[in-house]
Amino acid sequence: MTIRTTRTGTARAAATARRGRYGAPAVLLAPFLLLFTACTLVPIGYAVRLSLFTERHSGLGFGGTETVFTGLGNYTRALEDEAYREGFLTIARYCLLYIPLMAGFALVLALLLDSALTRAKRFFQLALFIPHAVPGIIAALIWMYLYTPGISPVLDALETLGTQPDPLGNPLPAVVNMALWQWTGYNMVIFYAALQAIPREVLEAAVVDGAGPLRTALSIKIPLIKPSLAMVGLFTVIGSLQLFTEPMILHGTAPGVVSTWTPNMYAYTAAFERGDYGLAAASSVLLALAAALLSFAVTRATRSRSDRRKEAAA
Amino acid sequence: MRSLVPSRRRALRAAATATAAALCVSLLAACGSDAKSSAGADDGKPVTLTFWGWAKGTKEVVAAFNAGHPNIQITFEEIPAGNAGGYAKLSNAVKAGNAPDVFNVEYPQLPDFVSQGAVQDISKLVGADLKARYLPQATELTSLGGRTWALPLDAAPQAFYYRKDLFEKAGITAPKTWDEFRTAAQKLKTAQPDARIATFFPDDPTTFEAMAWQNGARWFTAADDAWKADLTGPETKKVSAYWQQLIDEDLVHVQPSFSQQWTASLQKGETAGYLGASWGGGVLKSNLGTTPDINGKWAVAPMPTWDGNPASGMLGGTTFAVSKDSKKAKAAVEFATWATTTADGFKARIASGTSSAFPAATELVPVAKQAFNTDFYGGQDLYAVFPDAARSIKPGWTWGPVMGLTNGSLKDSFGKVAGRTGTIDDALAAAQQATLAEFKNRGLKVAQ
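Protein sequence lines correspond, in order, to chains A and B. Read left to right, the first sequence gives residues 1 to 314 (our numbering). Read left to right, the second sequence gives residues 1001 to 1448 (our numbering).
Below, computed lysine to any residue pairings styled on SDA-like, alpha-carbon distance capped at 25 Å: (1) B:Lys1324 <-> A:Thr65; (2) B:Lys1089 <-> A:Val42; (3) B:Lys1330 <-> B:Thr1362; (4) B:Lys1440 <-> A:Glu86; (5) B:Lys1440 <-> A:Gly71; (6) B:Lys1089 <-> A:Cys39.
Hints were generated in silico from the structure; no laboratory data involved.
Next comes chain A alone, as it looks inside the complex (with noise of 0.2 Å):
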């Protein structure tokens, strides 16, 4: 910033300053703005616009196509399929096997790694991020090679071993395993961080006290990362809404896995397969609508205590 000396009157000297007030964060926020504006504003108006009409046909259908408007038409078609209801309920199971596996593996290697016995930090701070750098769609491609059976030289070793797995045959753990490659590090990463933040004089006080390492992780550390347990947890229930890259490469190859397997999925097939543009758009804003609650309500169901208190005394 630079200082401008003027010999103006006060009026201008007013309006320079109200410029100088808005015009920097004007400047800055424009970017956003528009980009925010073009990205999610306009097509979120579109879809909305788009879940709105359907195209009707005649005769044989031949003749050409009439857009009309339905209102909640296509909203009540897409909650009376049972097949998108059934997405939200693959969408629940898999959260429920997911959830609890990925936050566990991740807080144990995060506490792990925050403990003083383990050795070579850094490698295994980066070998476990990893699997996260590898695009979803790579990855996906790699595990549905692990997982066909005659080709895949993990179950080929299993099957001499005895046993038949048959991950393709159980859809829902072979996407979750897929995730949790690919997420735990991640997660680990962010507890991690929030294990080092804890200020060191409580983990002594602690010590001094007679606590051993598992005590201290059970009382003092987990207590402490809570608000970063929240946050995980949130972030995962939305990405979970979500799903679509794993099953979708799954779905050639596992037969379990339908083409509405995910409510993402159905809206692509609503769109794709069936041409039903007004459909997959509601489906989508139905789902949209669903993350919008969901993060809220978790919000509000894991806000620690002293926010609460804080809201109260206000």
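Chain B: place on chain A using the hints.
For chain B alone, coordinates are given in the frame of chain A:
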């Protein structure tokens, strides 16, 4: 630490991100469309056509066409096979207004594309003499509601490919009837316990549909300006019962079509046969031709039939369609005519070595025969088997107007057949119901 505490604003932003991502599907449709120039050939400049397709050998065909046609130049873009994402890409492009001028679409999906307003009526550009050059069963599938919508590239009669050496070892020959086929399947399994005679493709209902067609089923009829769907008639039930038994008795593999799993199983000799169509010969050859110990050991035979007399359905088969908004329909039809009916056009495709398409313009059979390298089949002439099969394609079959949905529904429930939690008949009943519901939803007239 502080910055990691979730705040309400953070949650809101997360929600906004989620919203944006969830809407991606719809967003795709909104992506910009290029304004197309409508320059014709009148100004002396060559017409440039965009063309999307995936049929084997297409690149070679386009190169040959461009070399011989200075006034029309084709820009070819290879897209994924229709059911592997190509149709999604196409319908998306149509919706966004940036569809190619001409594209490949298979017979089953043509009515769906026409019905969605993606295809241009080319009746005026296709004369009776041109139509007469194609196999009638093929033109029947490209004429809908009395108008012509596409030019057929190949008729796709069914064919049975098998490993001669494995069959000999098991003491069997190519079965002529479906009864013989089951006996052969049993013998093969006894001789080589890990081998099966063929595969049920849970991801590809069209193979099953061709079987039903072969038995005289007609899933869709368009009469008196109204649709009728009949996926559960006696002709279909006979086929479904037969296949259900093969699956239940573990006489066929259940694997996705053209998957790595299927290919690996063919390479290892654990799958000794493939119930496919004319074009499958080229696919097998290009998938397996590099495996030296099975090269030359494959053979082709007519499809087994129910009564021993030649009969065939049609499995896939590709057409050339002009997109609705293309201003270059005339040039597009000229290209499609060249690619489907001229010796040069067909030779370029077959000589690519990857295609064994059976020309819908049957006078080109000798051309295809000459251009096809038969080493993979130990010198056997595929084109000696196809013509009889093509003639025996049962006429009168019509594909439905919501085939994307019908096949999608079948695919989903064939998955249950693979997982042994459902039957083929369950799948057919579910698809029938879903199809009728979609007729109603789209406002199509349904015969009572």
